[in-house]
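Trainee: Here the structure of chain S is known, so what remains is to put chain G in place on it, guided by the hints.
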Amino acid sequence: MTSWVDASCIIIVFLSLIILSNYRVVAMIRVFAIQSLVLGLLPFFMHASCISSRDVLISLITLILKVALVPSILFWAIRHVSMRAEIKPIIGFGSSIVFGALIIAGAFWISLSLKLPGKPVSDLILPCSLSTVLLGFMIMVTRTRAVTQVLGYLIMENGIFLFAVSLFDVMPVLIEMGILLDIFVAVFIMAIVVNHINEEFEKSAESIIPKIGETF
Amino acid sequence: MLTILILMPFLCGLGVLLPLSKVFRLKLFLAVSLAHSLITVSFWRQMPIQEYHGFLVLDPLGLILLSIISFLFLSVSIFMVGYFQHEPRRNRVFMACLFFLLSTMTIVTVSYHFGLLWVAIEATTLFSAPLISFHRNQQSLQATWRYLLVCSVGIALALLGTFFLAIAAHDVHSLLLPVLLKGAASLSVNWMKLSIIFFIVGYGCKMGLAPTHSWKPEAYGQATGMVVVLMAGALTQCSFLALLRVAQICNKTGLTGFYSSILIVSGVLSLIVPAMFILGERNIKRAFAYSSVEHMGLLVLGLGLGAVGLFGALFHMINNALAKVIMFLTAGSVAQKYGSTSADQVRGVIHLYPLTGVFLIAALLAGTGMFPFGTFHSELLILNAMIISKQYLLVAISVVCLAIMFIGIGKIVLDIIHGQPKEPVLPKNENLFMNAAIAAAVVLLITIGLWMPSPLEKLLHDAVALVEGAT
Numbered sequence: 001m002t003s004w005v006d007a008s009c010i011i012i013v014f015l016s017l018i019i020l021s022n023y024r025v026v027a028m029i030r031v032f033a034i035q036s037l038v039l040g041l042l043p044f045f046m047h048a049s050c051i052s053s054r055d056v057l058i059s060l061i062t063l064i065l066k067v068a069l070v071p072s073i074l075f076w077a078i079r080h081v082s083m084r085a086e087i088k089p090i091i092g093f094g095s096s097i098v099f100g101a102l103i104i105a106g107a108f109w110i111s112l113s114l115k116l117p118g119k120p121v122s123d124l125i126l127p128c129s130l131s132t133v134l135l136g137f138m139i140m141v142t143r144t145r146a147v148t149q150v151l152g153y154l155i156m157e158n159g160i161f162l163f164a165v166s167l168f169d170v171m172p173v174l175i176e177m178g179i180l181l182d183i184f185v186a187v188f189i190m191a192i193v194v195n196h197i198n199e200e201f202e203k204s205a206e207s208i209i210p211k212i213g214e215t216f
Numbered sequence: 001m002l003t004i005l006i007l008m009p010f011l012c013g014l015g016v017l018l019p020l021s022k023v024f025r026l027k028l029f030l031a032v033s034l035a036h037s038l039i040t041v042s043f044w045r046q047m048p049i050q051e052y053h054g055f056l057v058l059d060p061l062g063l064i065l066l067s068i069i070s071f072l073f074l075s076v077s078i079f080m081v082g083y084f085q086h087e088p089r090r091n092r093v094f095m096a097c098l099f100f101l102l103s104t105m106t107i108v109t110v111s112y113h114f115g116l117l118w119v120a121i122e123a124t125t126l127f128s129a130p131l132i133s134f135h136r137n138q139q140s141l142q143a144t145w146r147y148l149l150v151c152s153v154g155i156a157l158a159l160l161g162t163f164f165l166a167i168a169a170h171d172v173h174s175l176l177l178p179v180l181l182k183g184a185a186s187l188s189v190n191w192m193k194l195s196i197i198f199f200i201v202g203y204g205c206k207m208g209l210a211p212t213h214s215w216k217p218e219a220y221g222q223a224t225g226m227v228v229v230l231m232a233g234a235l236t237q238c239s240f241l242a243l244l245r246v247a248q249i250c251n252k253t254g255l256t257g258f259y260s261s262i263l264i265v266s267g268v269l270s271l272i273v274p275a276m277f278i279l280g281e282r283n284i285k286r287a288f289a290y291s292s293v294e295h296m297g298l299l300v301l302g303l304g305l306g307a308v309g310l311f312g313a314l315f316h317m318i319n320n321a322l323a324k325v326i327m328f329l330t331a332g333s334v335a336q337k338y339g340s341t342s343a344d345q346v347r348g349v350i351h352l353y354p355l356t357g358v359f360l361i362a363a364l365l366a367g368t369g370m371f372p373f374g375t376f377h378s379e380l381l382i383l384n385a386m387i388i389s390k391q392y393l394l395v396a397i398s399v400v401c402l403a404i405m406f407i408g409i410g411k412i413v414l415d416i417i418h419g420q421p422k423e424p425v426l427p428k429n430e431n432l433f434m435n436a437a438i439a440a441a442v443v444l445l446i447t448i449g450l451w452m453p454s455p456l457e458k459l460l461h462d463a464v465a466l467v468e469g470a471t
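Line order of the protein sequences matches chains S and G.
All residue numbers for the first sequence refer to this note's numbering, where the first residue is 1 and numbers rise by one.
All residue numbers for the second sequence refer to this note's numbering, where the first residue is 1 and numbers rise by one.
Among the clues, some could well be false.
Derived, one-sided and incomplete: chain G residues facing chain S with beta-carbon distance under 10 Å [as the list claims (entries may be wrong)]: (1) MET8; (2) LEU11; (3) GLY115; (4) LEU116; (5) GLU122; (6) SER133; (7) LEU148; (8) ALA156; (9) LEU157; (10) HIS170; (11) ASP171; (12) LEU255; (13) THR256; (14) GLY257.
In short, the hints are calculated from the structure, not lab data.
Computed from a predicted model, the values in this text were never measured in an experiment.
Note that beta-carbon positions come from the ideal geometry of N, C-alpha and C, so glycine has one too.
One chain only, chain S, in its complex shape (with noise of 0.2 Å):
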């Protein structure tokens, strides 16, 4: 199954390459959906001679969690159209591909240099991840609007997860829960406050209109 293992890997790292090439928030808030659902299934491939409960369960939580709950938490947040486009990134696309691309090179280079102990099922998962880490980093340096921020956040977060899916029974299972429990109340509250800062800007922009009406 090390082909399996092999092939979500690049497939995780090029979502994430998509979701940075990208500009409507909608479309990638979906790609980031695929994303979490082929890390979802990662363990399965992992252990396909033995599935434990323990895969079964952590990529349960996973799906739940990262696949269901939270795309539609960020759709709620961002239900007013006026948010649905990212304007004027500070590195535009076209460069952010190529800077992408020089990322994940750079990852490559790294990871030569750092051997996993043991035997690891594959030997792309240390690359992919330090490059899906760096790409999430980078999508939330270079966007301006909020919710792109988060999902760079929690690409990042997704390229850590592919490196402790690796893992295995060193951290216990009630532990890895609450991690995945954190980050899923870390967007719950991030989109709280996304939608606060939406409704002070309207309520701002609301405000300020009606003054410029009467000086006229």
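Mentor: Structure of chain G alone, referenced to chain S:
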């Protein structure tokens, strides 16, 4: 016992989400903080036994932080009784988050597993974020956003560091602290180094070390004084505890030199950067926030220097927390009286509110480490450690930066205290509860500045021995 200490505030936090009266929530918070403090005091006599197969253990390091947290919550809960008499806003989510924060911070102090430690520290970030935007306006929402984003990224890097540690510990197959310390010889050095870097960046971000301190002036400037006390005194020091835990492992694996050189560099940066920004600052809360960056720098420097420096840093944790109570509760009380904390609007505090004026002077002296406050003592210990290790350049930089901080903060505080009130503000009466909370911290900080009780000294020595791996 530890489980009770964690669950009690958590359940109360769920409870206050029910529609209850505002006053009842305050009383419940006061009662819970008092109970929490009493249990913590009982731990000074007898350490509790470990729980959940060694996942929850209280050791001298944890006890120092737990006592700090307990004291801060108690004084904030007393202050709050006075504060909410003049505050029309609803407090349902606010109080619930405070309870959850107490619960998760308690977990931080007793967690002996690096994964659990991460989960707890991340949870403290999440529950403190809604507290910042209590006065919901554009600036406070932006401050909350920045805090959430910067700290979440930092904490995510710390998670990566935790996983790297797990790889380094491939042979011992566990992230429990005692197991790691016992099997320290088998840890992979390269992965360990990588994980150390990620830990310092990640938890340092949460501590507000320069150059990732940018959330601090924003968040501290916008949040109410009570919240900032908890953030500056307890929340940031929770992350420092994580760095102390990493130091425990480093001292066993022979990576002390590597770890401390990074710590010293980031400590020096955290002294220089606030000194650069303080002189142009006009808002007292933002100025105190820069002072908080500086104190975090001192803590990290002390840890990096080791021995006397470590003792000084642990002592400074306590002093810093008490100083923050004085500084930010007084700033909060000024903010409520004047509706602003900018030196351009607030004038003549000592004419209108003499007691608050005196507290402001105390805040200035405590925050900048002047005699007879405890901060003077601990800063001297850290400087002493630099002299002992013959790092004279470091001494020079630190002294200059501390002097600039004193000038900067002194200027703002004196501007606020003296001068004529711009427009005749109707003097409200000073509030007994608010002043009692601040006065208690002043008295305590002066006391430990002049005389160190022997149980405290023993606890600090035990904690130093624990970090250095002598026991």
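Trainee: Regarding the hint that G:LEU11 lies at the interface with chain S, is the smallest CB-CB distance below 10 Å?
Mentor: violated, 18 Å
Trainee: How about G:GLY257: closest beta carbon in chain S under 10 Å, or not?
Mentor: violated, 22 Å
Trainee: Could you check if G:ALA156 really has its C-beta closer than 10 Å to a C-beta on chain S?
Mentor: holds, 6 Å
Trainee: With a cut-off of 10 Å, does the beta carbon of G:SER133 approach a beta carbon of chain S closely enough for the hint to hold?
Mentor: Holds. Min distance 7 Å.
Trainee: Are G:HIS170 and chain S close enough, Cβ to Cβ, to be under 10 Å, as the hint says?
Mentor: Since chain S brings a Cβ to about 4 Å from G:HIS170, closer than 10 Å, the hint holds.
Trainee: Per the CB criterion, is G:GLU122 less than 10 Å away from chain S?
Mentor: Holds. Min distance 4 Å.
Trainee: With chain S as the partner, please determine if G:MET8 meets the hint condition of a C-beta pair closer than 10 Å.
Mentor: Given a least distance of 20 Å, the restraint on G:MET8 is violated.
Trainee: Hint G:GLY115 vs chain S: min CB-CB distance below 10 Å?
Mentor: Result: holds, 4 Å to nearest chain S Cβ.
Trainee: Verify the interface restraint on G:THR256: the C-beta must sit less than 10 Å from at least one C-beta of chain S.
Mentor: violated, 23 Å
Trainee: Under 10 Å, Cβ to Cβ, is where G:LEU148 needs to be relative to chain S, so tell me if that hint holds or is violated.
Mentor: Since the shortest Cβ distance to chain S is 6 Å, the answer is holds.
Trainee: Given G:ASP171 was flagged as interface, is its beta-carbon under 10 Å from a beta-carbon of chain S?
Mentor: holds, 8 Å
Trainee: Using Cβ atoms only, decide whether G:LEU157 comes closer than 10 Å to chain S, and label the hint accordingly.
Mentor: Holds, because the Cβ-Cβ distance from G:LEU157 to chain S comes to roughly 9 Å (cut-off 10 Å).
Hint compliance for this structure: hints 1, 2, 12, 13 and 14 are broken, all remaining hints hold.
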